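Asks: Protein chains in written order, with the working numbering: chain C, 1 to 197; chain D, 1 to 558.
Keep in mind that the hints were calculated from the coordinates and are not lab data.
Mixed in with the good hints, there may be bad ones.
To be verified - From the structure, some residues in chain C lie toward chain D, with a derived Cβ separation under 8 Å:
(1) Gly24
(2) Leu51
(3) Leu54
All of these numbers come straight from a predicted model, not from anything done at the bench.
For glycine and all other residues, C-beta sits at the position ideal for the given N, C-alpha and C.
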Amino acid sequence: MTSAIPTPAPAHGHGEHPKHNLTGFIIFLCSESVIFLAFFSGYAILKTSALNWLPAGVDGLEWRTPLLNTVVLLSSSGAIVVAEHFKAKEKLWLFRAFWLLTMAMGAYFLYGQAVEWSGLKFGFTSGTFGGTFYLLTGFHGLHVATGILLMGIMLIKSFIPGNYEGGEQGVQATSLFWHFVDVIWVVLFLLLYVWQA
Amino acid sequence: MTSATFPADPKPPAGWSRYFGFSTDAKVIGIQYIVLAFFYFLVGGFLAMIIRGELITPASDLVDRTVYNGIYTMHGTIMLFLFIFPVLNGLNNLLIPTMIGAPDMAFPRLNTAAFWLVPVFSLLLVSSFFVPGGPAAAGWWSYPPVSIQNPLGHFINGQFLWILAVALSGISSIMGAVNFVTTILRMRAPGMTLFRMPVFCWTALAAQSLQLIGLPALTGGAIMLLMDLSFGTSFYRAEGGGDPVLYQHFFWFYSHPAVYVIILPVFGIFSEIFPVYSRKPLFGYVYVALASFIIVGLGLVVWVHHMFPSGVSQWMRDLFMGTTMLIAVPTGVKVFAWLGTIWRGKLRLTTPMLFCLGGLFNFVFAGITGIMLATVPVDIHVSNTYFVVGHFHYVIYGAAVMGIFAAIYHWFPKFTGRMPYEGLGKLHCLLTFVGANLNFLPMHPLGLMGMPRRVSSYDPEFTFWNVIASLGAFLLGVSIIPFLLNMLSSWIRGPKAGHNPWNAIGLEWLLPSPPPVENFEDEVPTVISRPYGYGTGEPLVEHQAEIERRLELQEATA
């Protein structure tokens, strides 16, 4: 090219903008956190202003099983870090193994949540206590399920030959999403199970 | 150095059909947004005509009272979610990539999806006119307990469709916001630092940040409203232990900043247009740019001023009165900067300039009534009266819509390649300015006299001002005729526009009119100075003279 016009910046190429994808995803996560913030503050306001917070016949939430769930979910954040580490070292099979482990831990968490829900004596129409409980755990559970789905897509992508470069962005974003889901759960656990007074 | 080469022949312009398909080109999507928005502007405007027709007499004689409730609810909802937001997103799509020298948005397919959600949710919203019980009728705020009544017991009712439409609108706006922010942060031309960015991009960045922070709160609140309405929860139901005021917090946490989402880009438009037609640099560029983000910060902590009569505690009233009044400081900085720009400039009173001057006048008026409304005792006195309606319409119609018209006239030649007609434009401007003031000024005395909003009949003592307001509204209705005539006829057979008909400075004016699909493609010029170098003789980009000569040659041979 013999143009008198100066050379363009590399960021302006056509097609994929891998760096933009991650930027966009981080912006999205910041925005998504606000919706949880809205639910958390709604929960706190309803709880502190309620006359009868617990519905009749319910005396608080059992916290031991959810605590086990919490430990599993939090450790899965560690597993995904290990997976990413192997990804960076280009050991694809180890990456897949730890990636699958993370998915399994996420699935266990959802299973534990389902077991807990089925054993509860209140429904989502049981006052604001029931409503906020199912709204918070349900909306978070939806995010866990989305995370597992994203991980599944990334896992499939890792088998497409030559897709290594393209998949990497998704891997990073999925891992970020998973950490996000974890942090949200910690706040949720504190609000729902620890703050019972 | 070698001689300048001509770029490859510009791609043949695709036909009209591209405006009806799933295009990923930001310039096509921008025009799709704007045209769709103006279609709904006519729909929302028609509803406004019915409202003002009803209010021209004290008796409730034109439409049934329940129909009236649905009409003002849908007027507000359509004008906000189907006119103002889409039209601004259209301007963002057209202007952001061209102003920063990007080939397209960061995520073109996301952009397409965000746009096509708009017709989807618009149909959902409009279809609510045809369900049993009619459309949502709780006002555009949809406060519970009114909004969670379902007297007919149908699962699909107007309010249900309203909530779905608003939630979808939120998803579309978030998709757009992620795209705009990423594009501005990541895809600027070489040399274009943040402090060399046009103010429109600053204000777009500020407005879209507000969308990202505020909108999820409304979505969260709307999900809970939907569950209360349709699934028997009691988040907002006082009889079930819920708190209706909680919804007001969620709603206004977003919907007050939403006003800044609307007005900030209009500040950007003012900041772009005043320097062009005053032939002077923008006064205090850095302060105007930064004031946008001060408005973002303050704008997020003023929402309770909508709830002064809702039983909030006194310390909250005092706090939010203070923060609300503080907003006047950054906006004042901007107003004085524009006045400083115009001051002793060589004014050219073109259509866009006239619209901006009118808009600025109306905005200052709205700002003054805004300070009145921020004062707790005044607010409690005029809350839910026509004073609030008047103030709001001065901001949205008087300032924002006039700014949007200014932008359309100013950038029309750039994106269509045709010049709009000045005579029709000036007529449109005159009718709009007179109509808006005639329509919205009488609402202030009405509010002070105590006329409540959202009623179809009123005490005969209010008749005089209502008749004047209705005449103003009908004038506004007429004002749209020269606009549509102008747009259609000049787009089809208006005089051809050069690359820079207004002699303006900015990257978008260094592109042919209309710009090729990928704008500068791989030849993005390097920015070497601040924008708005009017009268300084300083070039904006490297090799500017060469680029301009090339464009002139292209135009001469075309």
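Asks: Indicate, hint by hint, whether the structure satisfies it.
Replies: Going down the list of hints, with the structure as the test:
1. Gly24: holds (4 Å)
2. Leu51: holds (7 Å)
3. Leu54: violated (11 Å)
Checked against the numbered hints given earlier, the structure breaks only hint 3 and satisfies all the rest.
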